[in-house]
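What follows is the residue order along each chain.
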Amino acid sequence: MPKVKVDGVEIEVPQGATVLQACELAGKEIPRFCYHERLSIAGNCRMCLVEVKPGPPKPQASCALPAAENQEIFTTTPMVKHAREGIMEFLLINHPLDCPICDQGGECDLQDQSVAYGRGHSRYAENKRAVTEKYMGPIVKTIMTRCIQCTRCVRFAEEVAGVEEIGAIYRGENMQITSYLEEAVSSELSGNVVDLCPVGALTSKPYAFEARPWELRKTLTIDVMDAVGTNIRLDSRGRQVLRCVPRVNDEVNEEWATDKTRHAVDGLVRKRLDRPYVRRDGKLHPVTWDEAFAAIAAVDHGGSVAAVAGDLVDCETMFAAKALLKELGSSLLEGRQTGMDYDASSLAAVNFNTTIAGTEEADAILLVGTNLRWEAPLVNTRIRKAIKKGAKVFAIGPETELTYKVEWLGADLAVLGSLPERVTEAFGKAAKPMVIVGGAALKGAHGAALALVETLGLVKDGWNGFNVVHMAASRMGGLMLGYAQKAGISALYDAKLSFFLGADECDHARFTGFKVYVGHHGDRGAHHADVILPAASYAEKSGTYVNLEGRVQRGERAVFPPGDAREDWTIFRALSEKLGCTLAFDTIDELRAAMALDCPELATLGLKTFAWNPPALGGTAEGVLDGYPIKDFYLTNAICRASPTMQRCSAELVHGESFAEAAE
Amino acid sequence: MADAHSIPDEAETRARWGAFQWNDDSRAKRDAILGRYPKGREQSASIPLLDLAQRQVGAETQTQGWLPVPVIEFVAREIGVPYMRVYEVATFYTMFNLAPVGRFHVQVCGTTPCMLRGSDDVLAACKNKGLIKGKTTPDGLFTLTEVECMGNCASAPMVQINDDNFEDLDYDRTVAIIEALANGQTPKPGTQEPGRHTVEPKGGPTSLTAMVTENHDYRGEWA
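Residue numbers (this note's numbering), protein chains in the order written: chain X, 1416 to 2079; chain U, 26 to 248.
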């Protein structure tokens, strides 16, 4: 723990800290462009220069200089001020003065820092060099003349995304950042380079020229595109969500978000259900809420009522539906729309017990039937980190590109019963072994995977290495609220009255009874419905979500639902009155109190740990996996299917269509 | 101008070079090159392998050689690194040609010492022989490039043609070299100054004269 003096104030810094980090600990702001906490140190922008004693009598790049015992660091001396002004002047030599038309304006590091540390005027009268635009795919727009070559995007692609397709070509003044041969960057995390870019060289293509940051109302909420529960901020203006950016949460998403999280928001204003509909003579007719409720009340269900939870719904919605069904005398609840029927009696056996952040510490990892890159991209980045620390990764399933080196053990699940020696050897030596079971394997190999807990020693003191990856934001919450039948969704097919809570992925035609769709998009579920009740999307309601590791998180409402649409729980509350069994909550707080009584884990936010008492299931697994559940990463739910950006991503990055751009 | 020449990646290039493989000669060299680096450090072989590939392309096309994109990708696969990483190296070094060149790649140094010693005359000679900067002559023989310092300042001005340096040039000597090459002859590389062998000073040494015949300790004489 070296002791250093920063501007005369002595502080103790952690071993291995850099001078820049020491200054931050001392509360001094050090301007920087290339340095980023989550990327390797490049030291090429030189903006973080400080004066250090003892040392050469010149400014030092603080980001790459280790803090040493008895070092004296000065951040306010004339030398430092002069150095910063000089660097800023160099950086601005070739930077265009196009802030008024630049999307980064208002949240630009270069803008802010040139105001704070620059000279205030330019002495440079020569021509600036210009660089042509580069094509980087449907998400990232480039204006490369603005690039200051900090190489953050290059390091991100290499280190975090694991897709080494961005690089710096040529040299000296001709150096340019580009994707390989200007092809689209094939990463589902490519949107993060937009946030990383300290200037306006890489900006968001779908959001181009949409808004200025100071016009936007910022709402903190939780993403529902996958089960990771990415912490996001929705930026809205008026009634429209214009963009989605990640928030920092080291336990969940660090500061990344997938392209789907970021850019599915333009689907929120398309194909929306904004009024109730009732099917008459085979066609859906717009009606009033009263007429819609009357149509439902007319159904003679005799207590045979079912509710199917969609992938995007919050716990409040599921609880309201559950409460209504209870009043009607039914408990036919299910959320696993694709027909999964794994044993959900013990939540620990279907949870990501290691936790997302804990994944980094694992030293031997076995992936069973999971394409993590698509099922939970931000868990995949954690595995990359674990590999960097020396973890070995084995995988069972059809071979696919996971962005890191994997030893494939074939697609036959039977291998779980007789793991090759090299696997058992690696796990035998591992202090923190980890097995991750994906959706493809849950069906036939849940029991066999649970048996590995014994044979591979996955559960130890302070470590639980058994993990299940879910793909739906509502899954863990649904399992906690009892949305699981022993026979899976087929137990619901014969219900006389079925509620679909934004459920678009199930086989609606198999449901024989009266179908009520409560959701926000005119997608598959709505096409089959007898009554459509327009509800709110995740951006339009405050909701509680449980992510795949059992972390209870709550999001706030960013905008109001369109037209006559209402928040889901209020729909069930109003309907219950019409059905003559009024639910006992009138406000969301009352609902949450009732939900907390029903499921105490949902009462408080934060990570919940479930007691480890796995069910005894059969230990053998058979069958060859022929694919993974997610066939198209960009089109997994109703919101992304309505999003033009996601459709474009799907066409270009998954189906390989070419969108060669005309020169702009 | 920040945009250097565009890199040919058309269907023709892919069709012509997509099946690039080492020939027997190169394969032996490849093995020797890779043998120099420890396992897991194959990326270190990027530059020598790119050079080897460029030379093989040169041999196949009867030119000085260049690096078509499929060949760069081939080298990347050879050493198991992403295409982008090798591509960056190939674009960084000016010794790698990203577009086809002629049989003789004439690289005229135009940096200050050479310029002071008459590199303008050298360029004028090239121009009058029909060489145009950045272009290949119609007969496919010469490609002219102006480059930065090649480290031959003591015998400036100089040009590098393929792997040989020609130093102490003036207008006539440059013309003579170009004509000799065009006629299929092999002009003497190195200095073109009669009586000069390498870069020794004209008329004998002018400094460290006491060191010419024997070792001499100057330290006592430092004031």
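I should point out that these hints are in silico values taken from the structure, not numbers from a laboratory. We put the CB at the ideal spot given by N, CA and C, even for glycine. The reader is advised that the hints may include incorrect statements.
What the hints assert, rightly or not - Derived Cβ-Cβ restraints for the label pairs, each shown as a range:
#1 X:N2028 <-> U:D56: 38 to 44 Å
#2 X:P1511 <-> U:E246: 56 to 62 Å
#3 X:K1473 <-> U:T231: 48 to 54 Å
#4 U:R52 <-> X:R1544: 40 to 46 Å
#5 X:R1538 <-> U:C174: 26 to 32 Å
#6 X:M1416 <-> U:R52: 53 to 59 Å
#7 U:D145 <-> X:D1422: 52 to 58 Å
#8 X:A2031 <-> U:D56: 42 to 48 Å
#9 U:W247 <-> X:P1511: 29 to 35 Å
#10 U:D145 <-> X:G1587: 21 to 27 Å
#11 X:K1473 <-> U:D56: 44 to 50 Å
#12 X:E1598 <-> U:R80: 37 to 43 Å
Hints and how they fare:
Between N2028 of chain X and D56 of chain U the beta carbons are some 59 Å apart, a value that contradicts the proposed interval 38 to 44 Å. Taken as a hint, the range 56 to 62 Å holds for the pair P1511 of chain X and E246 of chain U, whose Cβ atoms sit roughly 58 Å apart. For the pair K1473 of chain X and T231 of chain U, the supplied restraint of 48 to 54 Å is violated, since their beta-carbon distance comes to about 36 Å. With their beta carbons about 42 Å apart, R52 of chain U and R1544 of chain X fall inside the hinted range of 40 to 46 Å.
The supplied range of 26 to 32 Å is met by R1538 of chain X and C174 of chain U, whose beta-carbon atoms lie about 28 Å from each other. Separation of M1416 of chain X from R52 of chain U is about 55 Å and conforms to the stated range, judged on CB atoms against 53 to 59 Å. For the hinted restraint 52 to 58 Å between D145 of chain U and D1422 of chain X, the CB-CB distance of approximately 55 Å keeps it satisfied. Restraint check, A2031 of chain X to D56 of chain U: a C-beta distance of roughly 57 Å breaks the suggested window 42 to 48 Å.
At about 54 Å, the beta-carbon gap between W247 of chain U and P1511 of chain X misses the expected band of 29 to 35 Å. The given range of 21 to 27 Å is respected by D145 of chain U and G1587 of chain X, whose C-beta atoms sit roughly 23 Å from each other. At about 47 Å, the CB distance of K1473 of chain X to D56 of chain U agrees with the hint of 44 to 50 Å. Between E1598 of chain X and R80 of chain U, the C-beta spacing of about 28 Å breaks the proposed range 37 to 43 Å.
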